[in-house]
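Given the structure of chain B, go ahead and fit chains U and R onto it with the hints provided.
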Amino acid sequence: MTNLRLAYRNLMSAGLRTWLNAAVLSLVFLTILTAQALLNGMNEQTERALVATEFGGGQFVHPAYDRYDPLTIPDAHGVPPVALQTMIAQNQATATLVVQGTIYPAGRLQPVLLKGIDPAQQVIDLPAHLLTESSDEIPILLGTRMSHGTGLQAGDVFMLQWRDRYGTFDAREARVVAIFRTQVQAVDRGQLWLPLQRLQEMTEMPGEATLVTLAPGHDPGRVDGWIQHGLEDLLADIRNLVRSKMLGSLFVYAILVFLAMLAIFDTRIFAIFKRQREIGTLVALGMTRNQVARLFTLEGILNAVLALLLAGIYGWPLLGWFARTGWQLPETTDSYGYALGEVLYPVFSGDVVCETALIILLMAAVVSFLPTRRITSVAPTDALRGRVF
Amino acid sequence: MILFLVKGLLRDRTRSLFPVLVVTAGVMLTVVLYSYIKGSENDIIQASASLVSGHVDVVTRAYAREEDQVPNDLALLGLTDLMNELRQSWPDLIVTPRIRFAGLLDVPDAEGQTRAQGSAVGLAVDLQDPASPEHVVLNLADAMVSGRLPTASGEILLSEIFADRLGVTLGETVTLLSTTMHGSLATANFTIVGTLRFGVAAVDRGAILADVRDIQTALDMQDGASEVLGFFPDMVYRPDAAREIANAFNTRYGSRQDAFAPLMRTLRDHNGLAETLDLANAVGAAIVALFVIVMSIVLWNAGLMGSLRRFGEFGVRLAIGENKMHLYRSLLVEALVIGLIGSVLGTALGLLAATYLQVHGMDISGLLKNSSMMISNVLRARVTPTSWIIGFIPGILATFLGAAISGLGVFRRRTADLTKELQT
Amino acid sequence: MRFQPSLAMTVILLAAVMIVQTDTEAEDGTSWPSGDTILAEVDANAGSRNKLIEAAMVIHGRRGTRTVQSRSWIEGTQRSFTEFLAPARERGTKMLKLENQLWTYTPTTDRIIKISGHLLRQAVMGSDLSYEDLMEDPELSVLYWARTTGVDTLLGRPCWILDLAAQEQDIAYHTRRVWVDQERAVMLREERFAKSGKLLKTTEVREVYEVQGRWIANHVVFRDMLKEGDGTEFLLESIDFDVEIPPHIFSKAALRM
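Residue numbers (the numbering used here), protein chains in the order written: chain B, 1 to 389; chain U, 1001 to 1424; chain R, 2001 to 2257.
Here chain B stands alone, though its shape is the one from the complex:
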C-alpha cells in the first residue's frame, strides 16, 4: 500500500509532465480504437448494405427457387404460406415476385429479371414508394448499374416483354420513373422493379410471390412449404471475405500498438534515466531493490491507468457520438455521374477496447520494470553519482 501511495504521490508531484504523458497515451489509445473501428466499419459496410437493401432479417423462398439458377425462375412462384401472409399484412415482411422478361432498349434484345415489390413496403431500403402508377405504362424503378448497362434514363419509355404463367407472350410499354443508387449489385444489375400487384396482374399470378423478405428482428419460426434462408446463410460469402480481411487489419493494429509502446517507452524510459540519483538515494536509505522496482513498475501502471481513465472520460462521449453519426465521406462523382455521399459508420468492439487496454497496461508495466532492474543491480554510490548507464 505504501508503494501505491508513494507511486501516486510521485506521479502527481510531477504535475504537468504526468498529465501531458497521460493525455498523449490516452490519445494513442483512442486512435487505436478509432482506426480499428473505421476498418471494421468499412468491412461491415457491405454487410450492412446487404441486410438493409436485400436480405432484411432473412428470407423465405419458394421451394423451386434457386437465386443462382435463372432456369428455376419460371416455376418459382406461388401463394406464400399463411404465416408469411400475416407478417406481410403487418409490415413485418415483404413479398417479391421474380419473373423473366426481355427489354428492347434502342432495338437491342436484353433479358432482364422483373421484380415485383409492394410500393408501400418498408422492410428493405429500396425507394419502391416511387413506383406510382399514373398511366397505362408500367412504372419501372432501376439501379444506376442497370441504367448504365441499358442506356435507360429516368423518364425513358421502352418496350417490355414477358410471359404469363401459361407461357403466353405479352408486351407493353414501360416508363422509368426513377433510378436509385445502391451498393448492393444484386438488387441492381440485370433487373427492373415494378409494383407487385401490377406484375401479378401481368403474369396472371394473383397473390403469388417468389420470395418473402423478413424485417430484421421478426421470425415466424418454422413455415411449411417455403424454404428459410437465415442471415448466416445469406451473408456467408461476405463474412468469409471480411474474416480474411481481418488478418490484414491485425497488421494495422500491430503497428498502432507499437505506437502506444513508443509513447510509453519514451516517457517512462526517460523518467527512469533521469531519476537514477533518486533511485540510488532510495536504495541508500534502505529500500530493497525489489521494492524500488515495484515502485517504478506501479508508477508506470498508474500512469497508464490514468491515461485510460482520461480516455474514458473524454473518449466515451466522443467515440459514442462518432459511432452514432458516422463519418460523412467526401463527395465524389461515381462512374455514372451520381454524387457519392456515403456515411461510414465505425464499429467499435468491446473486445478490442479491453484487449488494447490490457496490452497498454502490460507494456507500461514491462517498460517500467526492466530498466529499474538494471538500475537496482548497481551499487548505490554509483547510482547516486548518476553512473549507471
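Possibly wrong hints are sitting among the right ones.
Just so you have them, the derived chain U footprint on chain B, three or more residues with Cβ under 8 Å [as the list claims (entries may be wrong)]: (1) 10 to 24; (2) 90 to 102; (3) 181 to 193; (4) 248 to 258.
Some chain B residues flagged as far from chain U (calculated, every beta-carbon gap over 12 Å) [unchecked claim]: (5) 226; (6) 287; (7) 327.
Don't read these hints as lab results, they were simulated from the structure.
This structure is a prediction, so every number in the text was calculated from the model and none was measured.
No residue lacks a Cβ here, since even glycine has one placed at the ideal position from N, Cα and C.
Only chains U and R this time, still in chain B's reference frame:
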C-alpha cells in the same frame, strides 16, 4: 557551433541516442503503416481486378455496352494482332486474353444419356502456356481444391461445389452446351482434371475454368476473345498510369466509330469499383492522417520531455553567461539534427521493410481456413513517392515543435529556478 | 342394326354444321367464308402424310449473315428429323422431334442431348426463331379459332385476312393475324401478337410455287419486330410429299447414324 552541438549530442546518450531512437522508431512506423495501407487498398480491388476487370481491359465498344449479357457475338476478333500491338506499345503491361461464356454442363451416364445437368458460368484463360500470367493473377495454386491444372487440350476445372452438385469425379467427361459467337449451338466434350474454389457463392455454384484455346474452338471464336486484360508488372494498380495508357489507346482507335472497334477501359471504369476504391482510399487516408497526427503528438511530447528535463542544464549555462536566444537557438538546432537523423534513419528502415512487404509480402495462408481466388493470402505493402516523405512530418516537424515550445520555458523562468531543477 | 339418327340429333348436327360453316359478312354485304374453314384449307394444303424438305436458313446477325442448310424428314405434325448439311461446322448436327420432345446430336461430342424445359426458348442457330417456335404444331386450326375480318392484296394475290384467337391458355402467341391467298390456300403473311395486342413477330412470304398440286412458300422471312435487324430467311430448295421414309429415322438411334 553545429559541430560542437553534434559532438555534445553524441557524448550524451540521453540527449542523442534515445531521442534519435524514438524518432527513428516513430518515423519507421509511419512509413510502414502508410505503405501498408496503400498496399491493402490495392488488395481490396485486387480480387475484382484479377477476376473481372484487370488494371486495364480491351473489349469492343458494342461488348462494353452490353457486357452484362456476355455477348460473345460482339467479341474481339483479330486477337493476335491486338495482343502484339499492346505488347509493343506497352512492353511492361502484362496482357492476357479471356473468354466469358455461359451454358449448360451435361453429365452422361454409361449409355451416354443425360445423368445430370447444371447451368454453368465459364471463364476461359490462358492455362496451358507455362509463362501465362494467369497462374499468379488468379491465385490458382491456392484456389485449387483437388486434382491438377489443365495441361492438355480438352481439360477443364470445375468449382468444387459444382462438381459436388453434378456428382462428377476427376477424370470424368462432361459436355458443354453453349452458343457460338454466331449464335449456333455449341457443344464440346471436356475432361475434368481438377476442382477449385472461387470464393463467391454465385460463381462457385456453377463455374468452369477452361483454356482459352479450347473455348475459342468450341465457340467458333478463332483468334477471338471476349476481352484482353492488362496488368501492371507488380500487380499493383496505378490509376494515373492506367488512365494514360487507356487514353493513348483510345485516341489511336478514335477514328473508328463502328461497334466493333476496340475500347480500352481502366479498372475505375468498371461498374461499382470506383466506389469501392474511393471508400478504401478515404478510410486509408483517415487512418494515416490520424496516425501521423498522433505520432506527431507523441514525438512532440518526447521533444518536450527531453527539453523539460534539461532545464537544470539550461540554468547552469545561463548562469555562466550564455545568451538566452543563443541557448534557445542551440536547442532548436539540436532538435532539428535529431529530427533529421531520426527521420532519415526511420525512413530508410521503413522503406526497407515496406519494400520487402511489397515484393515478398506476408503469407497468411496458414491462418486462412478456405483459400480461394477471391481471397488473397499474401499481405502486401505499396511504396509510393509519398512513402519517402511522409515520415518527415512527425519526424522533423513534431520533434522541432516540441523543443521549440518547451524551450520557451527558458524565457519565462528565472535562471535560479532553472538551476534548481538540476536537483530533480 | 341400322343407325337411325333421331330428329333431335339431326337438328343438333345441322346446327353444329351451320355454326362451323357460318360465313362472315363484309361491309358491302357480301359474305366471306368462315375463318375456320379457310384455316382448315391452309392446313390441308400444307399438310401431308409426310414430306422431305431441303432448305437454307439465312440468319442476319449483328456480325454478318450466315446460311445454314438442312434436310428434314417430317411425318404428320408430331415427328421430324433434321440433319444440318452446311456450313462445315454444322454438318452432321441432327435434331429429332417426337411429339413435344426434342433431342440434338453433334458429331464432335457424339452425344444425344435432350433440349427441354426452358432451353426450348433459346434461339435456333442465332435466328429469330426459338426451338419452341420450331416445336409448335404447324396446324394452326388445332391451336386457334379463326375469324375472317377482311381482304387484302399481297404479292399481287387477293387474300383473306384472318384473326386468330388461341383456343387454350398455354399457347405462346395469344392472337395472330394471317393473310391467306384466296385461291391457293397458302399463307402469305402472318403476324403474332402479345396479349396486349403488341406486334411481336412477323412471317412474310416473298415467293410461292406449286409442287405436286400444292402451293408452297419457298422464300419466307421471320422477324422479331421488337428488335433491330433483318430477321431470318427461310429458303426452300426442294420439297417432296408422301415419300418413302424409313421408319427408323424417327428414333434416337438414327441421330448417331
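Hints versus structure:
1. 10 to 24: Our answer is that it holds, as 4 residues pass the Cβ test (under 8 Å) against chain U, meeting three.
2. 90 to 102: violated (count 0)
3. 181 to 193: holds (count 4)
4. 248 to 258: holds (count 6)
5. 226: Answer for residue 226 (chain B): holds, closest chain U Cβ roughly 20 Å.
6. 287: The claim holds: residue 287 (chain B) sits with its nearest Cβ about 19 Å from chain U, beyond 12 Å.
7. 327: 7 Å, violated
Taken one by one, the earlier hints fail for this structure at numbers 2 and 7, listed in ascending order.
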